[in-house]
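Chemist: Residues per chain, in single letters:
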Amino acid sequence: MQGLWLYLRFNALQLSHVVDENGLGAEQASHPIAVYCAHTNQLCQMNAAAAQAGLTLGIGLAAASALCAELDIIEYEPEQETKLLHSIAEQLYGVTADISLDHPNGLYLRVDNMLKLYGSVQHYWQTLQRILQPRRFNYACAYSISAVKVLAKAGYNNINANPNAWKKALCGTSLSYCELTHKQIDALNRVGIQSFKQLFEQPVSALAARFDGEVLRYLSQLKGERFEQLALYRPSQKFYQHSELLYEITHSERLLKPLANLLKHLESYLVQRGLVAFDINIDMQLRDKQNQRWQLHSPQGESRATAWQEIAAIRIEHITLTAPVQGISLSAQQLSPAVAANDDLFAGKRQTMNALQLLARLQAKLGSEAIAQVQRGDDFRPEYINRWLSGGQVPCITQSANQAQYYDRPTFLLSQPQPLSEPSKILTSPERLATGWWDDAPVERDYFIAQNPQGQYLWVFRTADNQWFVQGYFA
Amino acid sequence: MSALITQLKNKQLVWQASRTPQVSSRLPTGIAKLDDALQGGFPTQGMVLIRSSMGIGELRLCLPLLQQRQHEQRHVFVIGAPIELNADALAEHGIQAARTYFVQANDQAKQLWACEQCAKSGCCHTVLLWHEGLSVSQAKRLQVAAEQGNCLLIAYQYRGQALPLPISLSLHISRQTEHLHIHIEKQRGGWPVPTFTVKHTLSSIHSAQQSPAQTSSNIVPLRAQR
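Same order as they appear, the protein sequences are chains A and B. Just so it is clear: in the first sequence, position 261 is 261 by this note's numbering, and no numbers are missing. Just so it is clear: in the second sequence, position 33 is 33 by this note's numbering, and no numbers are missing.
By construction, these hints were calculated from the structure, which means they are not laboratory data. Careful: at least some of the hints might be erroneous.
Said to hold, decoys possible - In silico DSBU-like links for lysine-lysine, alpha-carbon gap of 30 angstroms or less: (1) LYS365(A) x LYS140(B); (2) LYS153(A) x LYS167(A); (3) LYS365(A) x LYS257(A); (4) LYS11(B) x LYS140(B); (5) LYS33(B) x LYS140(B); (6) LYS153(A) x LYS83(A); (7) LYS153(A) x LYS183(A); (8) LYS33(B) x LYS425(A); (9) LYS110(B) x LYS365(A); (10) LYS9(B) x LYS199(B); (11) LYS116(A) x LYS167(A); (12) LYS425(A) x LYS199(B).
Quantities reported herein were computed from a predicted structural model and do not represent experimental measurements.
For reference, chain A alone in the conformation it holds in the complex:
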C-alpha cells in the first residue's frame, strides 16, 4: 500500500495576495474584489464582499458587472499563482518533509512518514493549519495520490487516517472531478457509469475491453494499487515574494504599507531558517515603464521586519517614482546564518559590531575594491613588496613574514619610483640590490637614506647608469 497523502487546493491564491490601499488583504477588504479568467470568461476567485453582493464563481464578466458595478476585477495569472504556491511550500517545508507542487494551486504532502514525528494525523494537521491559517483551501487525505486530488477538488475537507473512509467518500463523489478528459468521461457515461462507485464496481476486464490503457491506469491509481511518482519540492536558496497592488501608488510614502506585508513574510522566512539578509531588493512594477529597483542594505544582517521597515522608511525619502506603481516584489539573495555577537564579558566597553560587520558595511558603501589588506611579497624588489588583497581575500601570514628582515625601510613606498629632483644629503652607506635577472624586471640599484632640504627622509637609489630616484618616504 502506498503512503498516506494530503492534498491542499487553494481556492483563492491570487486573490489572497492582493493588498488594497489601506494595507488590508482582499479577504478583509470591504469592497468586492474578484479574479477573472479571460480564457474561460469566468470569475474564478472572489472575496467575501463580492459574494455578499450576489456574485457567484463561474459567471461571466458581463453578468458580474451587471450585478455589482463597483467590483474590482483582477486578471487571472497562473504564473503568479505558481510563485505564491512556491512561497507556501517554502513555509510548509519547515514542518513537513515531502511536498510536491501541483501547478497552479495545489500541494501534495506526504503524511505517513511525518507521523513518527507528530504522533497522530490530528496533531500534524493542527501544525499545518497554524501555517496555512489565513488562506482558503480545500483539503483531503487518502492513501492514493490521484484520489486525494479528486477528493480535495470535490471539497471533502476531512482528515482521516482510516484506510476505508476515503474510499467511501470517493464512491460518493461525482465523476466530473476526476482527471480524465471530457471525452473519456462521456464514454464512461454512455456505458452507464455515472459515479466512482459504479466505476469501481465494474470488473477490470470489462473496462479493459472498452477503454484504453490510460483510463485503466488512472483507475488503478485511484484505488491506490499503483505507485505514482511525484517530483518533490526543494526549497530555493533565496527569498522571493510578490504583491499585486489594487490601487496604483504615486506617492512613494504610500509604498510602506504594502511593503510591510512583504517584510513580514521575509521575517518568517528568515526566522524559520535562522538566517539574516544583508540586502533586499524591492522591484516595483510601474505602469507603462520599466520596473524600478530599489535596494535596502543592512550591514550587520537583519531578519526582523521592524528593522527593515525603519531602513525602508529612511530610504523611501530618496525615491522618486517615475510612474504609478502597480505591484511590488521583494527578493533577498545574500542570506547568511545569523550569528550572535560574542562579546567579551570582561572587556569593559562592549563592541557594537564585529570586524566582519564593519567590513560588510564599508564594502557596501565604498565597493569591495576600496578595502584591502597587504601581504608582504616574497621578493627583494620594492615594487613587489606590497601584495594587495581586496574583495575578501585573507592574507596568508607565515611566521617568517611577520618578522622583519631588514631595518629602516620607508613607511611610505612609491610603487613607481620618481626621479630625485632636489639636492639631498646622503646619510647612510649603500645597500646594493641586484636581482630579478630571471624575469623581465631586472634591477641593479644602490639604496641610500637621504634627507632633502625640507627635512624629509627619503629612500633613494642610484641605478647602474647613475640616475637617482626616490623610492619611498620615511614618514
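Take the given structure of chain A and dock chain B to it, following the hints.
Modeler: Chain B only, in chain A's frame:
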C-alpha cells in the same frame, strides 16, 4: 558673568577640570620628552590631530603605539593614505598585517564616513586617517565616535590651517635635520607646554654616525661618498 561661562560651556569652548575625568591610561611613545609633555603618552581613546609636512617621521612616531595595542586582538584601519604603506616597514615595527586594513575611498566625505564607522564600531584599537582639513563639527563627530569605540584616531594633516578643534590632542611637528620640533597645540586636561625638540632619526643613520672604532668585529661598514 556666569551666563557667559554657561554659554561658553555650551559651546564647549571651556574645559573644566572637575567635569571630565582624567584619562588615566596612556600609551607611551617611547620618547621621554614627548611622554612627559603628554602626561605619560598619547591617550588611549579619542582623536589626535598631527599637523606636519609629509615624510618627516610623523607616522614612525605613532607606530610604537599601534604595536603596544596589538594584544587587544582588535584591528587597525588605515584610511586615505596619500602613498601606499610599506608592508616591510609594518613588519619592522611589529604590526600584524592580518589585522590591518587599508581603505581608499574616492572622496573625502566617504573617507570621513568610513573613519567614523571604524572608530565607533569598537573593533579597531587604532584608526589612521589622512585628510585635508576638518571642520569643527566633523572633528567633534570623529572624537565622539572614537570615544564610543574606545579607539585612538590619529588624523594626519599635511596642508591647511590649524583650527581649534574639540579633540583630545593636537600636535604640530616640524623637522630640522635630526630633530623634531613638537608643538602641542591643544591637550585635553593638560597645561600648555612650550615647544620642545626631540631627537628622532633612523637607527642606521644613528649607528652610521657613531665612530666605526666601536665595532668590535673586523667587519667595517662601507661608507657612502659624502
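Chemist: Which of the numbered hints above does this structure break?
Modeler: 10
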